[in-house]
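Starting from the known structure of chain A, arrange chains B, C and D on it as the hints suggest.
Protein chains: 4
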Amino acid sequence: MTAARIRLGMVGGGQGAFIGEVHRIAARLDNHYELVAGALSSDASRAAASAEELGIAVNRSYANYAEMAKKEAAKKDGIEVVSIVTPNHLHFPIAKAFLEAGIHVICDKPLTSSIEDAEALVSLVEESQLLFAVTYNYSGYPMVRQAREMIKNGDLGAIRIVQLEYAQDWLATNIEAGGQKQAAWRVDPNQAGSGGSIGDIGTHAYHLAEFVTGLEAKSILADLDSFGEGRSLDDNAHILLHYSNGAKGMLWASQIASGKENGLRVRIFGEKGSLEWAQENPNYLHYSPLGAAAQILSRGGAAAGDGANALTRIPAGHPEGYLEGFANLYKEIAAEIIARRRNETITSTSLIPSVHDGLRGMRFVDKAVSSNRAGSVWQSLD
Amino acid sequence: MTAARIRLGMVGGGQGAFIGEVHRIAARLDNHYELVAGALSSDASRAAASAEELGIAVNRSYANYAEMAKKEAAKKDGIEVVSIVTPNHLHFPIAKAFLEAGIHVICDKPLTSSIEDAEALVSLVEESQLLFAVTYNYSGYPMVRQAREMIKNGDLGAIRIVQLEYAQDWLATNIEAGGQKQAAWRVDPNQAGSGGSIGDIGTHAYHLAEFVTGLEAKSILADLDSFGEGRSLDDNAHILLHYSNGAKGMLWASQIASGKENGLRVRIFGEKGSLEWAQENPNYLHYSPLGAAAQILSRGGAAAGDGANALTRIPAGHPEGYLEGFANLYKEIAAEIIARRRNETITSTSLIPSVHDGLRGMRFVDKAVSSNRAGSVWQSLD
Amino acid sequence: MTAARIRLGMVGGGQGAFIGEVHRIAARLDNHYELVAGALSSDASRAAASAEELGIAVNRSYANYAEMAKKEAAKKDGIEVVSIVTPNHLHFPIAKAFLEAGIHVICDKPLTSSIEDAEALVSLVEESQLLFAVTYNYSGYPMVRQAREMIKNGDLGAIRIVQLEYAQDWLATNIEAGGQKQAAWRVDPNQAGSGGSIGDIGTHAYHLAEFVTGLEAKSILADLDSFGEGRSLDDNAHILLHYSNGAKGMLWASQIASGKENGLRVRIFGEKGSLEWAQENPNYLHYSPLGAAAQILSRGGAAAGDGANALTRIPAGHPEGYLEGFANLYKEIAAEIIARRRNETITSTSLIPSVHDGLRGMRFVDKAVSSNRAGSVWQSLD
Amino acid sequence: MTAARIRLGMVGGGQGAFIGEVHRIAARLDNHYELVAGALSSDASRAAASAEELGIAVNRSYANYAEMAKKEAAKKDGIEVVSIVTPNHLHFPIAKAFLEAGIHVICDKPLTSSIEDAEALVSLVEESQLLFAVTYNYSGYPMVRQAREMIKNGDLGAIRIVQLEYAQDWLATNIEAGGQKQAAWRVDPNQAGSGGSIGDIGTHAYHLAEFVTGLEAKSILADLDSFGEGRSLDDNAHILLHYSNGAKGMLWASQIASGKENGLRVRIFGEKGSLEWAQENPNYLHYSPLGAAAQILSRGGAAAGDGANALTRIPAGHPEGYLEGFANLYKEIAAEIIARRRNETITSTSLIPSVHDGLRGMRFVDKAVSSNRAGSVWQSLD
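Residue numbers (numbering that gives the first Met the number 0), protein chains in the order written: chain A, 0 to 381; chain B, 0 to 381; chain C, 0 to 381; chain D, 0 to 381.
Next comes chain A alone, as it looks inside the complex (with noise of 0.2 Å):
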């Protein structure tokens, strides 16, 4: 690519974060962007020591949000767009702020805490016309898209089982009343949302499911616990799925499986085989014909198709993992908003996720949630 890089910005991400980091290096990796401006803390002398270390201009790091938006968009070399990387309950208003001048958005997960604020996000997307993102990073494995590739060609059949599962130990323990901050904002319904586990990885899974397999969830029935002392958020869910075509599922999220770190993984059966994906091991995708011996397709490997080819950099045998699956999601992004500058859009056929992905997400945790109060009954995800 030979055009200038995009000039990106950020919100939230400054020292002691974490994501905003892999965001950054993600950006980083191919060359496509440069780091210009940020509002990077709520604290003004973070966010300044941040900027600093990132090379960012004095006057280019911002003590908030709303001024960044103002300010850039009224610049020539404004960014062109920016990455909000702050806890869920500031994705809407910060994202709003940004369509509003132009500018556009890169969205962690999940969309909002609200379902209200979703819709409202959805919204205000369309009426922009701006390119908005959220980051369900793992479609961005190669691996993962090569699964979607099969199932899209049909070496499956049709979908029968959805297996899937994101189990995590980090809040196994109470690590919340210590103060580790992270945990903190993520077992506050204020900042999270209505959703724990459900949110922060299960949409993640749900997501995945659907991006793989092309069916849409149509209704949820949920089971969810709080195991850690004094949270009331779940931090264990225990759901099941229907899908449009019949196909069932189940999905298990967890943040107290003690011995797991990110197990995030995605089996589909269907009539004529199946397939297994693990994100802790992404270079390799099993592939088990009926009938036929199982096989383990390597990401650069003879077997890869052009759907993961098109995002692997090194060969076979050197592994690639979350950073640089993170990385596909910003290269894709960089080649939409380059082809916008020259009045192209190659939406029709993009596989970023988008603000619509984004609100499913969010129905999703919503529907788990009144699923689970009223005792484990189906809702209609529609």
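Warning: the hint list may mix true and false statements.
Which copy? The list can't say, so a pair holds if one copy fits it or any two copies do.
Unchecked claim - Cross-link-like lysine to aspartate or glutamate pairs, in silico, DMTMM-like; alpha carbons within 20 Å at most:
hint, residue 1, residue 2
1, K271, E175
2, K69, E126
3, K271, E228
4, K74, E33
5, K70, E33
6, K180, D42
Everything labelled a hint here was simulated from the structure, so no lab data went into it. What you are looking at is a predicted structure, and each value in this text was computed from that prediction instead of being measured.
Same frame as chain A, now just chains B, C and D:
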């Protein structure tokens, strides 16, 4: 064991059957039994041919189980125990006949084809004071015993999550239409009872969880499907469970999961750690203590405890498999029978799956079916 | 098989031994043999106690093998075949006695404790025209047969590279000093012969490679070590091999490889693909065709061929292990003996490891030792 | 790091090259460098196009390395360090030019194409007192650092056995005949030097073992092959090693191992335990303490130590891969350069592979070739 070998009879298991030969190998492996009588098939010529092949004397190859129970009971050197390896609906009348004849019973699972038969059988066994074992054979694997021992020792702390699955694909297509005998009776409610996959394999996973954790399931919610054309019984089951101590469970049983062979897997998560065991590579138990490196314990290895070692024949790294696990139940049953010969019993410490375990399995099937019929509502298992 | 069971005797294998019980289980598993005579221990009381435990009649429990050979040969219903499960240096005189008595022989490996004995034994067997089987038991695993069949079918093209290893750790410390009986004779040149790990386990790997590829090793270069204090025999061996067709091999045998249990692994690379099989998870064969996705073939699975299926008792996903693999040799030996009863032989297609294979193993040991003594120089194996 | 970014130049790595882009991503990932100058190709138009694509100013895109070294040295804000990513035979003259210009050097491996060049380069570096790093990139993986730390801490006791392999299959067929550029120079002695697979990948494994164990190899014995038609350099190498402390090693390097992608694996066995690390799933280190359960340590996990954690960006279970491991070297090099800016050095504790490590790699190649020529005889590496 220098005691004389135990005189064993068998009902069912003639030529062309599967599980009968498994029981015979299990009985043979450690040299504790000799098979001396049988009613191996309802087809007289097949029964005779099967008996001859197995070295059973002509006059102890019977045309039917009723005659066999009567005549063997009358012999001075009649059988001490009978193995019942027929389709489910015959378990009850056959078990009844032998119990009434004063003969110990080893019965394949599920216990019966109806909850009423199961309850009646419990009464019969209790009155008889005879040994009645149900071959939930997976409980005989050494590393399953290891898991049980570790949980009992408190290595996991309080159990929070139980993840169960048993997935196969041999019914992914309608092989019963082509006359496959094993399939034909399993999809027929008259022979199998009200459960399809839940009875045939779901009960195994359900039992294993209770066996390993020492917990009892209290309530159940099920979403059952029949993907195979023309099937009335479930061939896929998505089930939620609540355990006595507040632990939550998921259970997936499927016989249409393309690419799965005998994917029985049990994962138990407690406050302090987790365990994972998979039947397809059964010599290893994965143990993940919270906040420390994951461990792989091997059968026969340095970290294996007494329970596992008591059932281990050969050194670590020389795998034992399904037949050895099955034989472990026969070994423990033999010890019990020999103790009873001496008017001793060892039941107080016995881990042999009992008629009560069998009844629990039948309730699991019964309540899963009623939950599903009512639209996936919680049902009490008490 | 409806033929009468084969009358089996055993020399060695009394209480406290390991491999004797393995042979007995192997003989028992498929019901083709009955153990009717034995000289189970050189210690008379242990011999008697062992015999009683095994149900061998008092008058067929012998004080020594010479008496046993003579008396059994004289009986009308004397044993048809004897299993020799003693330390290596006794294999030759015992085998000689039984061959001269006209009795078939099943002999543990390595064949003898010296190359001279091995050559003499080959002559004796050839003169006798009796069946002589060496229990290179790993060749009995179904997926080893699958590998052999695929290579014979040309699935790998011309073989280029052979990577062999058999690593254990049970001699990592000097357990022989503490009187561990299994260790004591294996580190004693008078009982074990000139090879330590190369004889005890290296020969297995060496045989397996020839069995699977159909190639013969032509020359050998060895670097042997004795890490255990006070040991004169090797406990670690690094070996290079040249095969008849120009293929090159590496073989690592170790009994001091901390953390390894029975790490026997064979990897074969040809022009068109490769195969990998590991004994510790033996139901799977990894096949990597060049330029296509890797495959995992399972025992009993859709892609298994005739050779594997002939030795498969239970469905895919229900693991068979070491004892079943061992039993497969006993099964093939039984078929051969029963054919000979009828004056037929099936040797033309036999895969039973023969005295010639045993001799090749002894040459491997002998030449490895001489190569090492000369400072790791190439030695011809012809 | 708030210091100004390091000014980086590059020689080689123009469009169509592989390793140049890897170096650039590695430099970019943590934001410590900016690429400001280059002589990216010997083809002038390709050099210019490559520079433009990378945002290098026209006047700092040079036609050749000599001009670049001279002009950059003369600039006040000239490059501080150059990355050399050309075929092997050019490493020496280019490194010489930049060292003589007073510019630090990052050089791809193997160090040079001849042992004489390597020795001359050592002298040049020593005289210059400049930083000279060789990108033995696998030493940058966090779990390789973990292995090193554990061995240094004595967790394995005295090292006894070193098992090394690096197997690929990309040269299994003669792709050089079809003009594959990466292959063409690697099989050409004029460009690659005297080593084929041993130089290209064997040196990696060789270095890694020394890096991890802290031992030095003392002698070597090699059996080299050229399976590919018309090749004069080795494409498969079977090598034995003796280490300084008496440990014994095997090393297998192959570029014709059908089905292997980048199968670099290191296994180290000591008196008290063993470690295994495989590059294709690099976030895990397998640790088997003698007489206890095996352990799996994960990058970022509870059992990871300081060395690994210093190079870890994201939490356990979110895999980092090849590019991150490569970037870790660039990160450590950056720290060193920034320290030198302040007239500090941190070399006393540096783990950055040095010119001496590069020379050791060249000796490994040189002696492997001479051992093989002499019929696989031991050669001293001193």
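These are the hints, each one checked on the structure:
| no. | hint | in the structure |
| --- | --- | --- |
| 1 | K271 - E175 | between (46 Å within a copy, 18 Å between copies) |
| 2 | K69 - E126 | within (19 Å within a copy, 57 Å between copies) |
| 3 | K271 - E228 | between (45 Å within a copy, 15 Å between copies) |
| 4 | K74 - E33 | within (16 Å within a copy, 26 Å between copies) |
| 5 | K70 - E33 | within (18 Å within a copy, 28 Å between copies) |
| 6 | K180 - D42 | within (14 Å within a copy, 53 Å between copies) |
Checked against the numbered hints given earlier, the structure satisfies every one of them.
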